[in-house]
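For reference, the chains in residue letters:
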Amino acid sequence: MIEALKNVLVMIELELRRLRHDRTEIYFRAVQPILWIVIYGPVMSSVRAIPTGGVPYTDFITPGVMIQTTTFVSIFYGLMMVWERDSGILKKLLVTPASRYSMVIGRSMASGVRATFQALIILPIAFIIGVRFIPNPAYFALAFIIIFFASGGFAAISILAASFMKTRERFMGIGQAIIMPLFFASNALYPIQLMPPILREFSTFNPLSYVVDAVRGLLITGDLSNLIIDLVAIAIFDIVLFILASISFKRIIE
Amino acid sequence: MDWAVQVENLVKIYDGKVRALDNIDLNVEAGKAFALLGPNGAGKTTLIRILTTQIKPTSGEAYVFGLNVVRDGEKVRRLISYVPQEMSVWTDISGYENLLVYAKIFGVPNPERKKVIDEVLEHMGLTLVKDELVSTYSGGMIRRLEIACAMLIKPKIMFLDEPTIGLDPAARKVVWERLSIFKKEYGVTIFFNTHYMDEADLYADDIAIINLGKIVARGTSEELKHSLGGEVVSFNLGEATPKLELTEEIRKLGFVRDVFVENSNIINVLVENAEVALPHLMEILKNEGVNVGKVSITKPTLDDVFLKYAGTRLEEKGRISDVTHMRYMIKKG
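The listed protein sequences correspond, in order, to chains A and B. So the first sequence is numbered by this note's numbering: it starts at 12 and just counts up by one. So the second sequence is numbered by this note's numbering: it starts at 786 and just counts up by one.
One chain only, chain A, in its complex shape (with noise of 0.2 Å):
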């Protein structure tokens, strides 16, 4: 057990060493979700068709947009494990004593490290435009906390999908499938009251929604009602993800 957190934090370790060398494709990353904050939100607050409970629009969706960039950068990590499947280090780190389980969560929680940079360099640019934060450094860390956990576990999906799609292209098809469906079903953009019946039962199953809740109530509205189911669900669906994507990732290999 011990060993195997050893292993995780060997591996977020090796992606801050990564990071320290080359952060590019972080701020490359960057632009989109800028695009959403600086042009999609002030165009789409100025029709004032969606309640978004008293916060101007731009400041409802700043939370939203965060995670779906974080959620990017999870599923992409897969297209790594892919890349490594094709050289040889997946092979080589299944031939160390790790333990299987401990290189798929320490590889997500990789990811989730690489996400948190990426939600971070969001804040700057959303203060800028005039996006209200709530001044509480204990809120900002439970947010932070949150969205790296997260993506750990959307990292564990693109594991899993990795294990099955064994080309970079297919990969790229499936990564698009998954992220997509997520953003637009979930309480990213628009409150989910706002959706038809079934996208709303959807939702309900959808783990962003959770996390965008979690992050939008610490970060601008300061509703923490949902706070508990919020960080239960996003509890569930790391453990699901991380036994379900470490029992497929020996097939990557194989």
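Just to be clear, a hint being listed does not mean it is correct.
What the hints assert, rightly or not - The following label-pair restraints were derived from C-beta to C-beta distances:
id : chain 1 : residue 1 : chain 2 : residue 2 : range
1  : A       : Leu30     : B       : Trp788    : 42 to 48 Å
2  : B       : Gly851    : A       : Arg179    : 39 to 45 Å
3  : B       : His1011   : A       : Arg179    : 45 to 51 Å
4  : B       : Glu897    : A       : Val42     : 41 to 47 Å
5  : B       : Thr843    : A       : Tyr38     : 55 to 61 Å
6  : B       : Lys841    : A       : Pro62     : 54 to 60 Å
7  : A       : Tyr51     : B       : Leu913    : 49 to 55 Å
8  : A       : His32     : B       : Glu904    : 20 to 26 Å
9  : B       : Gly851    : A       : Val42     : 56 to 62 Å
10 : A       : Lys177    : B       : Leu987    : 17 to 23 Å
11 : B       : Lys860    : A       : Ile13     : 15 to 21 Å
12 : A       : Met12     : B       : Glu962    : 39 to 45 Å
Stated by the list, open to error - Pairs of lysine to any residue, SDA-like flavour, derived with a Cα cap of 20 Å:
id : chain 1 : residue 1 : chain 2 : residue 2
13 : B       : Lys889    : A       : Pro108
14 : B       : Lys899    : A       : Arg179
15 : B       : Lys860    : A       : Pro108
16 : A       : Lys177    : B       : Lys941
17 : B       : Lys802    : A       : Arg262
18 : A       : Lys17     : B       : Phe891
19 : B       : Lys860    : A       : Arg111
20 : A       : Lys261    : B       : Arg856
21 : B       : Lys841    : B       : Lys860
22 : B       : Lys860    : A       : Ile13
23 : B       : Lys889    : A       : Arg29
24 : B       : Lys889    : A       : Arg262
25 : B       : Lys889    : A       : Ile23
26 : A       : Lys261    : B       : Glu1007
27 : B       : Lys899    : A       : Lys261
28 : B       : Lys899    : B       : Val886
29 : B       : Lys915    : B       : Val886
30 : B       : Lys969    : B       : Val1001
31 : B       : Lys915    : A       : Leu30
32 : A       : Lys17     : B       : Lys969
33 : B       : Lys817    : B       : Leu1029
34 : B       : Lys841    : A       : Lys17
35 : B       : Lys939    : B       : Ser920
36 : A       : Lys261    : B       : Ile840
37 : B       : Lys941    : A       : Ile23
38 : B       : Lys915    : B       : Glu904
39 : B       : Lys817    : B       : Ile840
40 : B       : Lys860    : A       : Glu14
Bear in mind the hints are in silico, worked out from the structure with no lab data behind them. Because the structure is a prediction, the values reported are computed rather than measured. No residue lacks a Cβ here, since even glycine has one placed at the ideal position from N, Cα and C.
Dock chain B against chain A, hints included.
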């Protein structure tokens, strides 16, 4: 005897139809360098992947230092280290950082970590470039870094899948010099796959030739070459053509195994030991009044051995450029 690897009736069938390993039996002695020599698709990589617990055999048993690779996989993984054929280091961090990550995964305790890493860097001649990004390394340096990773834990056995594929001769030589020193110093068993005959010839204490999933020959390089039945002494007679009586007379000699005439002016004599046979043969030719323009002695190579047992020559060109190209692509991301 202490066996590093024992394999009994091992069969691996992929997707129910491709028979990659066909009833293999193999014992490898501990502390030796063992080469599995064979062409592309012979089953070399499959065997290494089974021995390193990555895939399960379809039937049969395999043991590494007495531990069953299927049932005791976890214990096996603590004894071995492995360098896959494909590139297996992260190129976006430095060489030192790669080793640090692997040292931690292998559980090298903190106080020793730096020392062990410096040692393997020194061993593989990478100390000067340890802080450079791996993406700036040459192919040979990357291979040495991969082997350095495998040296971190002083394994009981190292599995190297085509350790020098795609490297130029000088780089190959360096890799093997370092490996030989490491083997001598720590008594590590080296199990390697190769399709370079000279590599098996020079560096392996023991060789198995594999073709189409079967081990077709086994022994030291000397034994294998010997099994071909000897050496060839060729006499080039220039313009002259040997008489039939002459070749028949040579054939009757006790130490001669076979005689055949090539291009109507070259007499090839197959003998066990060419150096001993040569003076006798010269004597006979002289007595018969034959003028010999040129004499040459051909000793069999492992390629000839391979030709005899596998029925084909080891084709290598296409394969090497494939893998080199792949490693290159991977390096560039």
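Do the hints match the structure? See the list:
Between A/Leu30 and B/Trp788, the C-beta spacing of about 46 Å keeps the proposed range 42 to 48 Å intact. Between B/Gly851 and A/Arg179 the CB atoms are about 41 Å apart, so this pair conforms to the stated range of 39 to 45 Å. For B/His1011 and A/Arg179, the hinted distance range of 45 to 51 Å is satisfied, since their beta carbons lie about 50 Å from each other. Checked against the hint of 41 to 47 Å, the C-beta distance between B/Glu897 and A/Val42 comes to roughly 45 Å, which is consistent with it.
At roughly 50 Å, the beta-carbon separation of B/Thr843 and A/Tyr38 lies outside the given 55 to 61 Å, and the hint is violated. Between B/Lys841 and A/Pro62 the CB atoms are about 57 Å apart, so this pair conforms to the stated range of 54 to 60 Å. Separated by about 52 Å at the C-beta atoms, A/Tyr51 and B/Leu913 satisfy the suggested range of 49 to 55 Å. Checking the proposed 20 to 26 Å range against A/His32 and B/Glu904 shows it holds: the Cβ atoms sit about 25 Å from each other.
The hinted window of 56 to 62 Å between B/Gly851 and A/Val42 holds, with their beta carbons roughly 58 Å apart. Look at A/Lys177 against B/Leu987: about 37 Å separates their beta carbons, and that is not inside 17 to 23 Å. With their beta carbons about 19 Å apart, B/Lys860 and A/Ile13 fall inside the hinted range of 15 to 21 Å. As the Cβ distance of A/Met12 to B/Glu962 is approximately 43 Å, the hint placing it in 39 to 45 Å holds.
Between B/Lys889 and A/Pro108, the direct Cα distance comes to roughly 11 Å. Compliance with the 20 Å bound is thereby established for this hinted pair. At roughly 37 Å between alpha-carbon atoms, B/Lys899 and A/Arg179 are farther apart than 20 Å, so this suggested pair is violated. Taken as a hint, the B/Lys860 and A/Pro108 pair is honoured in the structure, with Cα atoms around 8 Å apart against an allowance of 20 Å. Distance restraint check for A/Lys177 and B/Lys941: the Cα-Cα separation of roughly 33 Å exceeds the 20 Å cut-off, and the hinted pair is therefore not satisfied.
The suggested pairing of B/Lys802 with A/Arg262 holds, with an alpha-carbon distance near 19 Å, which does not exceed 20 Å. Using a Cα cut-off of 20 Å, the hinted pair A/Lys17 and B/Phe891 holds, with the two alpha carbons roughly 11 Å apart. Simply put, B/Lys860 and A/Arg111 have alpha-carbon atoms about 14 Å apart, close enough for the 20 Å limit, and the pair holds. Distance restraint check for A/Lys261 and B/Arg856: the Cα-Cα separation of roughly 16 Å lies within the 20 Å cut-off, and the hinted pair is therefore satisfied.
This hinted pair checks out: B/Lys841 and B/Lys860 have alpha carbons roughly 16 Å apart, not beyond 20 Å. About 18 Å separates the Cα atoms of B/Lys860 and A/Ile13, which keeps this hinted pair within 20 Å; it holds. At most 20 Å may separate the alpha-carbon atoms for a hinted pair to count; B/Lys889 and A/Arg29 meet this at roughly 16 Å. The suggested pairing of B/Lys889 with A/Arg262 is violated, with an alpha-carbon distance near 25 Å, which exceeds 20 Å.
A hinted pair counts as satisfied when its Cα atoms are at most 20 Å apart, and B/Lys889 with A/Ile23 qualifies at roughly 12 Å. In summary, the hint linking A/Lys261 to B/Glu1007 is not supported, as the alpha carbons are separated by about 41 Å, beyond the 20 Å threshold. For the suggested pair B/Lys899 and A/Lys261, the alpha carbons sit about 32 Å apart, so the restraint of at most 20 Å is broken. Between the alpha carbons of B/Lys899 and B/Val886 the distance comes to roughly 12 Å, so the proposed pair stays at or under 20 Å and holds.
About 14 Å separates the Cα atoms of B/Lys915 and B/Val886, which keeps this hinted pair within 20 Å; it holds. Restraint check for B/Lys969 and B/Val1001: the C-alpha separation of about 29 Å exceeds 20 Å, so the hint is violated. Straight-line distance between C-alpha atoms of B/Lys915 and A/Leu30 comes to about 18 Å, which keeps the hinted pair within the 20 Å bound. With a C-alpha separation of about 33 Å, the suggested pairing of A/Lys17 with B/Lys969 is violated against the 20 Å cut-off.
Taking the CA atoms of B/Lys817 and B/Leu1029, the gap is near 49 Å; set against the 20 Å cutoff, the hint is violated. The straight-line distance between the Cα atoms of B/Lys841 and A/Lys17 is roughly 28 Å, outside the 20 Å bound, and the hint therefore fails. Restraint check for B/Lys939 and B/Ser920: the C-alpha separation of about 26 Å exceeds 20 Å, so the hint is violated. About 9 Å separates the Cα atoms of A/Lys261 and B/Ile840, which keeps this hinted pair within 20 Å; it holds.
A distance of roughly 29 Å separates the Cα atoms of B/Lys941 and A/Ile23; the hinted pair therefore is violated under the 20 Å criterion. Taken as a hint, the B/Lys915 and B/Glu904 pair is honoured in the structure, with Cα atoms around 12 Å apart against an allowance of 20 Å. With a C-alpha separation of about 25 Å, the suggested pairing of B/Lys817 with B/Ile840 is violated against the 20 Å cut-off. For the hint linking B/Lys860 to A/Glu14, the alpha-carbon distance of about 15 Å falls within 20 Å, and the restraint holds.
Checked against the numbered hints above, the structure breaks hints 5, 10, 14, 16, 24, 26, 27, 30, 32, 33, 34, 35, 37 and 39 and satisfies the rest.
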